[in-house]
Amino acid sequence: MKNSYNNINLKKVLCITLFSFLFFQFLTFKSYSDNVKNGEVIVQKMIADAKKHAVKTINLSPKERSLKIEILIKRFINLDFMARATTGSYWKKANNTQKKKYKSALLKQIVNTIEEHLNTLATLAYKPLKSEARGKKLVYVKGIIKDHSKKIPDVNLLWKLAKDKKGNFLVLDLEIEGISLVSSHKAETMAILRKNKGDFNALLNTFTKSE
Amino acid sequence: MKKNKFAFSYSLILLFLLIGCTKNLKNSAESTDPFESLNRNIFAFNKSLDQNIVSPVSAAYVKTIPYSVRKSVSNHLEWMDTPSTIVNSTLQTDLENTILASAKFMLNGLSLGFYDFDNNETKIKKKDLGSTLAKLNVPEGPFLMVPLLGPKTVRDFTGTLSDRQSLSNISSNSVNKLSLAEIPINLVDKRSKLAKNIENIYESPDPYTKMKSYYIQNRRKNVYGDTYLEDKNNKLDLEFEKLLQ
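So the protein sequences, as listed, match chains H and S.
Take the first sequence: its position 15, counting from 1, is numbered 16 in the numbering used here, and each next residue is one higher.
Take the second sequence: its position 5, counting from 1, is numbered 7 in the numbering used here, and each next residue is one higher.
Restricting the straight-line Cα-Cα distance to at most 25 angstroms, the calculated cross-link-like pairs of lysine-lysine (PhoX-like) are:
| hint | chain 1 | residue 1 | chain 2 | residue 2 |
| --- | --- | --- | --- | --- |
| 1 | H | K147 | S | K65 |
| 2 | S | K125 | H | K143 |
| 3 | S | K192 | H | K147 |
| 4 | H | K187 | H | K104 |
Because the hints were derived from the structure by calculation, they are not lab data.
Okay, chain H solo, but in the shape it has when bound (with noise of 0.2 angstroms):
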């Protein structure tokens, strides 16, 4: 009799240990797939918006459409995520108006970067590619540029988002034919620090120059 009621007891256990961890799993797996989804979201919104800017600023001065340029790119990208990972263990000996510079001159570099290729870019076709959950937080949006008149090489890009602090999916690098954006402007970053003893003032000078 105890036998039978141990058994029942165990099955019991067994069952509600199953479907918990049936359930986690399948809660988990919703969140990596909305997770992507959202990524993929996002990702078709900007060049949709980007495409949309390219044709109604086309008529502005250089000075606004900078300044409109700069909008649209602040609501999909994580500057602050941008800023600490191109900045690597400086970051941390920066005071904040240092960091707040060079967060302003880093955007000016990608509104610069982005201006120029904007006008092309309103006359081509975007195709999104595979997306894919990394890890925890990140997700991957893999996307094709294609030039339907042929004139143009197809460019494929690949898109690293993640959530902020604050529940938002925003851009955390742009990779360009396997060329990752903040890598290449990370080893500019520190080759200036580095050549200046870690000096963040002469890094926010040069980047001023440079502009």
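Starting from the known structure of chain H, arrange chain S on it as the hints suggest.
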């Protein structure tokens, strides 16, 4: 004369291999730059040459020559590079690429490569001696900025020299002259395609480092393919996850 050429080319290869092997690091070009000071001077020279001569010529080329003609020239230059791809694909035992490149070379050879009968549908991976040396686990060696040629690693520079030398050894004098005449055309053609990227590099705070980073990432992707990208992204993921905490 030909014997001298061979001796010169192979001693050069040996020399560069020795320099590359002494480092005993597979991918050291990004982290170490022993020739940085010299490289920066050559970069300044190349930049000045580019801004004063190559860029204006390239802009005029784009402005005056119709797209269809420029496309034909590009096709022909690519076709001239195909034998190197065929030989190196064979050495790398990439049979599919060897067959595709050979077929395309023969087909487009009907127009001396000026017209692409395949309409760029067949994707051929470009292979050179540098990529063959990489497959043989030869280290890439330090980064070099070569006058006129631009960024290279020691391994890839050795490959470029040897590819060019092999072509002149196996081809006739007239082809050699044609090949020499094509160098400036190739330069202008490539410059016109990369105009925006080059301008973007020049405008950055440290153009030399930016060009070096772009070159090394792009070259490794072309040589090692998906394996390199996966390794690089795994490392970056760890770094990013840490920063997101």
